[in-house]
Amino acid sequence: MTKIAVVECIPEKNLDCSKEILKNFEKHNWVYLAPPKDQTKIPTSSTLPEGEGIIISSGGSLGGPNLCFQSLKNLTNSALSTGKWLKNHGLKPNECIILNSLPLHHISGFMPWWRHQTWGSGYYWISNSIMHKPLQLKQFSEALTNKHRRPLITSLVPTQLLSLIDNTDGLKWLQSLAVIWVGGASIPIDLAEKARRKSINLAPCYGATETVAMVTCLSPKDFLNGSNSVGFPLEDVEIEINKRNSLKIKTSRIATSKWKNNKFESIKDSYGWWEAGDLAQYITLDNRKAIQILGRRDSAINSGGETIFPEDIEMELMKIISKNQIPIKDIFVLGVSDKKWGQRLVALTKFKEKELNRYPIISLLNDLIEDWQPSKKPLNWYDCPKLSRNINKKWEIKKWQDWIAFNKPIN
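Be aware that the sequence shown starts at 1, since it is given in full-length UniProt numbering, and climbs by one per residue.
Take these hints with a grain of salt, some might be off.
Estimated spans, in silico, between C-beta atoms of each pair [as the list claims (entries may be wrong)]:
(1) Thr145 x Glu12: 36 to 44 Å
(2) Glu50 x Thr145: 38 to 46 Å
(3) Glu50 x Glu95: 34 to 42 Å
(4) Lys23 x Asn380: 47 to 55 Å
(5) Asp169 x Tyr271: 49 to 57 Å
(6) Leu356 x Lys319: 45 to 53 Å
(7) Asp402 x Lys84: 28 to 36 Å
(8) Arg389 x Ala5: 23 to 31 Å
(9) Asn228 x Gly277: 16 to 24 Å
(10) Lys84 x Thr145: 21 to 29 Å
(11) Gln325 x Lys260: 38 to 46 Å
(12) Asp169 x Ala405: 43 to 51 Å
(13) Leu364 x Lys23: 53 to 61 Å
Derived pair list, reagent style DSS-like, types lysine-lysine, alpha-carbon separation capped at 30 Å [stated by the list, open to error]:
(14) Lys377 x Lys133
(15) Lys289 x Lys84
(16) Lys386 x Lys250
(17) Lys258 x Lys221
(18) Lys198 x Lys268
(19) Lys329 x Lys194
(20) Lys354 x Lys339
(21) Lys258 x Lys319
(22) Lys194 x Lys221
(23) Lys133 x Lys13
(24) Lys133 x Lys19
(25) Lys92 x Lys319
(26) Lys258 x Lys19
(27) Lys248 x Lys289
(28) Lys23 x Lys258
It should be emphasised that the hints constitute simulated quantities derived from the structure, not laboratory data.
All values derive from a computational prediction rather than experimental measurement.
The beta carbon of each residue, even a glycine, is placed where N, CA and C say it ideally should be.
Working from the sequences, and respecting the hints, build out all of it.
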């Protein structure tokens with residue numbers, strides 16, 4: 001009988017974890033990739049879908065995380081599809097060396113390892129501590145290149161890119177890579193422009209846990225030529241964008257099912273389509289329809305007749321905070337109801353130090369965004385020392401909307 005095995009994905013023990021995963025696949029078990037110190041309730045063996053694969057936490061921006069079941073077949077199909085993309089762009093998958101710095105309990109960190117298993121490529125785990133030591137990172141990759149003379153590829157999230165690009169050694173490391181898939185969030189326009197000026201081979205992509213990672217990807221060539229899209233669908237993927245800009249995806253690797261509220265739910269509709277949590281539009285690239293992501297469907301607000309994407313405002317505010325060395329560690333922008341405007345933005349802030357006087361800092365921020373459109377300016381700012389994302393690094397909108405109802409803004 002199929003069972004669930006729980007593998008706690010501790011970054012320092014990635015090699016041991018990966019061996020444990022393979023052992024359980026051989027036993028035809030489902031493997032729950034548990035984040036460190038996780039307390040998620042998982043389903044019982046008697047209710048499990050047939051087959052083996054991984055169980056991985058997904059989503060959580062509105063209704064809290066749910067568990068996504070991805071079969072071994074889906075994982076392999078995704079790896080093969082990504083391999084075809086590499087071949088189409090002049091790289092042989094089995095000749096590449098994959099460098100992986102992302103957590104194993106995220107699909108973005110699991111799939112680089114599974115691609116290695118599928119392709120027979122080279123593979124190295126990159127620890128978080130090394131990612132914060134650009135000189136060691138560069139020296140490690142130089143040693144690999146000198147020894148093997150094979151192309152290095154990796155996957156990054158925008159925050160990693162941002163921390164490396166302004167460091168001399170970090171920049172050299174980025175420039176040494178043949179392909180850098182970037183997903184997990186949109187790349188800020190100014191960061192994309194800087195990467196182009198520095199000739200970094202970024203390949204912005206779009207995907208989800210529900211689709212076993214990437215379903216669209218932009219080539220480094222098109223990125224360097226100025227496209228701000230996430231490229232075209234991979235060969236095994238169909239994309240549909242309706243009049244409301246909702247993004248729908250059809251592929252053979254849509255998740256088997258998801259476990260939410262103590263029951264299994266189907267992810268795709270009766271026609272095989274899955275509606276993603278993002279809004280998108282088509283843009284023309286080389287006489288073809290490329291995909292451009294507009295923002296999260298569940299976080300977009302209508303303020304005074306204008307559609308606003310809070311995550312875009314967040315990115316702009318964090319740029320200002322970084323540039324002006326403002327002592328704010330994190331910020332979350334979301335919409336609340338407003339009688340006059342329909343909805344208005346508010347900002348939850350996590351300051352770097354407890355003893356700081358909040359008012360002058362917020363006053364300075366307001367001065368720095370004085371020229372912004374009114375609909376894009378936060379109406380209120382909140383001091384939120386416990387501000388944090390969930391285990392999937394996403395904001396839980398409902399949780400923080402409830403928090404706002406019981407707290408007062410900074411006066």
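Compare the structure with the hints numbered earlier in the document and write down the numbers of the violated ones, lowest to highest. Per hint list: 1, 6, 7, 14, 16, 17, 18, 20, 21, 25 violated.
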